[in-house]
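Spelled out, the chains give:
There are 2 protein chains.
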Amino acid sequence: MTTNLSRRRFLATGALTAAGTVLPAAADAKTTKKKTTKRRVKRADVVVVGGGLAGLTAARELVKAGRSVVVLEARDRVGGRTLNHDLGGGKIVEVGGQFVGPTQDRILNLADEVGVARFPTYATGENVYVADGRATRYSGDIPPDPQALADLALLVTRLDSMAAQVPVDAPWTAPSAAEWDRQTAESWIRANSVNAERTLGLVNLFFDSAYGGKASDVSFLYVLAQIAGFGDAQNPGTLERGIGTKGGAQDSRLVGGSQLISINAAKALGRRVVLNAPVRRIEQHGSSVTVVSDRGSWKAKRVIVATPPQLAAEIEWAPLLPVQHDALRRRMPLGTLMKCHAIYDEPFWRKDGLSGMALKIDGVAPEMFDNSPPDGSPGILMGFHGGHEWRLYAGRPEERRKAVLACFADAFGPKALEPRDYFEQDWTTERWSRGGPVSQLSPGTVTEFLPVLTQPFGTVHWAGTETAGYWNGYMDGAVSSGERAAKEILGEL
Amino acid sequence: MTTNLSRRRFLATGALTAAGTVLPAAADAKTTKKKTTKRRVKRADVVVVGGGLAGLTAARELVKAGRSVVVLEARDRVGGRTLNHDLGGGKIVEVGGQFVGPTQDRILNLADEVGVARFPTYATGENVYVADGRATRYSGDIPPDPQALADLALLVTRLDSMAAQVPVDAPWTAPSAAEWDRQTAESWIRANSVNAERTLGLVNLFFDSAYGGKASDVSFLYVLAQIAGFGDAQNPGTLERGIGTKGGAQDSRLVGGSQLISINAAKALGRRVVLNAPVRRIEQHGSSVTVVSDRGSWKAKRVIVATPPQLAAEIEWAPLLPVQHDALRRRMPLGTLMKCHAIYDEPFWRKDGLSGMALKIDGVAPEMFDNSPPDGSPGILMGFHGGHEWRLYAGRPEERRKAVLACFADAFGPKALEPRDYFEQDWTTERWSRGGPVSQLSPGTVTEFLPVLTQPFGTVHWAGTETAGYWNGYMDGAVSSGERAAKEILGEL
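For the record, the sequence lines run as chains A and B.
Following the working numbering, the numbering of the first sequence begins with 1 at its first residue and continues without gaps.
Following the working numbering, the numbering of the second sequence begins with 1001 at its first residue and continues without gaps.
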């Protein structure tokens, strides 16, 4: 292959080889049509860049209001950082974002609207905490570590009370914003713990899945802003709601998988969704804007960019993205996170009175869940694998598999070592995500750069979970960001 | 314009509108030739991506060793983060990297080789320190701040002694690497100062020009690694050498401007340097590699990528950049830095016994220099404008101009308010740099991500000042990185 193909062809090929569900008719029909009208610039009121939950929600709202819309999605699938993995026999498991819970009304409403039901995360029985070579059973959300318990109890109270001082939509205006943003979360925790090493070990269990990183990677203010967002206008954010299963962020799951929300939303939008259409260039001239993709160009009145923030900075902008927008987005890398799944004939841990939820301090998959389908068959263990451990095993899949299964066995016994299947999803290898679950904001970024994040740039508006106040980094934040962006535009057009 | 132009045309136009010196004959000849051989894939032993000091040095070394080389430069000029501004009458001033000093043998040798002479930075007379509304004259490199003097003296000693424990080529192996990398430089300085606010104010004067940011933006380990690099194999790095003028990093300047080194090096390379050739895609197949640019494609045995690290992650890679490389480069945004110049008929401050070097705590241009040509005519004041102050004035050029001139006046008197000319260079607006002077590494990055930085990826090797040990972020580091990359390849081919 290679040398005589045009660049255009190269790029399309790259996109087509990406993993994921193939979307139906609408987009394929578009392909045929496109070939005959290759050079014609199409028109729409609004072009939405990115067919994840944020972009699709924005498109729904605009269509409801009677506007013409096109959604340009770079991959051969919709859903962004949600992704179903087909287990056969009509069953799936989610290798991306998957949990929903109370106060996440926007994703819950959207799921209802597109006909996706939910079921409670399996939480019957005891959880397991693995530390110092011992597995201990416990109930509730905080593991019973005698070395860290005093620190943790105080920490949770203090974090909630500080988070209450952080405005979710403008964390840089918090009274102590400068003080909290100039240090890492680790620095603050160290300075405020008696047994800092152990306490940090425990805290990092949650940072692993929440950020794909460690407490040393992120601004303390950013962490407080996220805690403030674990709620809604009526219910102030609390750490407990963020890390909890029953009544918390991991309360429920979606029948048919979280990606089904996007798939159904895209079906309803029909031909308005164009796959394999990475956007390469956005060109504004006065009150109109031209969006150039691998599947053609569209001229519109407004654009919503609903991609991960850093990828937005890689589009060719004419005129250039304002320096504040560019500098901010360049400082918003996503975390390094994988989800690792082991499939068993049955969820054997349930018979042992275990919920399948486990934490292992310094574990290869430090946070584990029972991720079986609603009927409990097959049995599925899922482990988050991120941050330091991800780096340790990067490029060594065989060793990683062994280590993850050993980690499952530490929590649930030797049966965990013999799955009938095992697979992983590494979000850093996704060309159009480049990590997960959410951007990591390092010290200095919230106060110095973040304020411009949602400020429109001429005809361009911004969506994506990173732009949300409540449930920033979650599916709910993606949906609310899409609603906000659509509302901004409807207020103008 | 717009709608019917191909993407290729768009991109070429974008590159052509960038500012900078137009390069001569060789490249123009290439344009004509290219048109007739548009689709033919050209061949070279090595393709170098980026025509800054790193890339040009690598190309020189490879050509000396008899290899065929092409240098693909995205802009319409060479020199990367060095750039001459034409003052007319055969005079220039540098709006990018400009200073050289002892232990920077590699850039000094290269300057000699391409016939660029140097002259001492003007340092006759006293410096000025502006704080609390008062301008105080002083000599030496450390301003005489009674509130911070005790802290600073101890700080300098301690930083040097800690830096001595950091291996320049592998800072992540320092005995205390984890401890130093999990906090911001500000956190460490606060914990180790009596009068922390004032001490930080002073420290940030230097961070402004060194990183285009603040002590809160960067990992403390990264700062120590940079200090360790202010030297060479015989002379351990010291903070004093980094911040000093006489005998330090600001010791000397280059006759004709620092960019002249690149311009002369490119002239010697002739047609091997292709301008307006942004590289869009790098495709490896076994032992060969194809590089696709806006000026055609080249097939080669090896590639050296010598761009700012984050821009390398934006190239379309096939196969994809290994996740560790991608995740690292996404965490290496450049600082936000401008240089502001005011031109006067003569350097009036010299008559007042002033060197033109000044520091103003919390100043809009906190670090100022006499940047006049060797003969002292015209008189030029230059101020660095970065970090917090840059953000404050972003998008407000008129206010910034006034504030910068007022800052000059605070140090040198009211004559500074009436320049005959004033201009700025904002490195964040440079499409192919996206900031300056160097990547800012936030906490966690050095220990968790940096180790892969110079590891080859198949046929691809890496250069650029960020990959250097000694004088990382300086012109000298760029040159040594190009030498290293060339040497790696010559050892293989």
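Since the hints were derived computationally from the structure, they do not count as laboratory data.
Just so you know, not all the hints are guaranteed correct.
[What the hints assert, rightly or not] Listed below are several chain A residues computed to face chain B (Cβ distance under 8 Å; list not exhaustive):
| no. | residue |
| --- | --- |
| 1 | V323 |
| 2 | A394 |
| 3 | G395 |
| 4 | R396 |
[Stated by the list, open to error] Footprint (simulated), chain B over chain A, 3 or more residues, beta carbon under 8 Å:
| no. | stretch |
| --- | --- |
| 5 | 168-176 |
| 6 | 324-331 |
| 7 | 422-433 |
[Stated by the list, open to error] So these bits of chain A aren't anywhere near chain B, every CB distance computed over 10 Å:
| no. | residue |
| --- | --- |
| 8 | N235 |
| 9 | T238 |
| 10 | L334 |
| 11 | I343 |
| 12 | G413 |
| 13 | G491 |
| 14 | L493 |
Backbone N, C-alpha and C fix where the C-beta goes; we use that ideal spot for every residue, glycine too.
Cross-check of the supplied hints:
1. Because the smallest distance between the Cβ of A/V323 and any Cβ of chain B comes to about 4 Å, under 8 Å, the interface hint for this residue holds.
2. Interface hint at A/A394: satisfied, since its Cβ lies 5 Å from the closest Cβ of chain B, which is below the 8 Å cut-off.
3. Interface restraint check for A/G395: the shortest CB-CB distance to chain B comes to about 7 Å, inside 8 Å, so the restraint holds.
4. Because the smallest distance between the Cβ of A/R396 and any Cβ of chain B comes to about 11 Å, over 8 Å, the interface hint for this residue is violated.
5. Proximity of the stretch 168-176 of chain A to chain B, defined as three or more residues with a beta carbon under 8 Å from a beta carbon of that chain, is not established by the 0 residues found.
6. Coverage of a stretch by a chain is defined here by at least three residues with a beta carbon nearer than 8 Å to that chain's beta carbons; for the stretch 324-331 of chain A and chain B the count is 5, and the condition holds.
7. Coverage of the stretch 422-433 of chain A by chain B holds [criterion: at least 3 residues with CB-CB distance below 8 Å; count 4].
8. Every CB of chain B lies more than 10 Å from the CB of A/N235, the least distance being 32 Å, so the non-interface label holds.
9. With a cut of 10 Å on Cβ distances, A/T238 stays outside the contact zone with chain B, its closest approach being about 26 Å.
10. Against chain B, the non-interface label of A/L334 is violated: not every CB pair exceeds 10 Å, the least being about 8 Å.
11. Non-interface call for A/I343 relative to chain B: holds, since the shortest CB-CB distance, roughly 24 Å, exceeds 10 Å.
12. Every CB of chain B lies more than 10 Å from the CB of A/G413, the least distance being 32 Å, so the non-interface label holds.
13. With a closest Cβ-Cβ approach of about 23 Å to chain B, A/G491 is found to remain outside the 10 Å limit, as its non-interface label requires.
14. Once the 10 Å rule is applied to beta carbons, A/L493 is consistent with being away from chain B; the minimum gap is 21 Å.
In this structure, the earlier hints numbered 4, 5 and 10 are contradicted, and the remaining ones agree with it.
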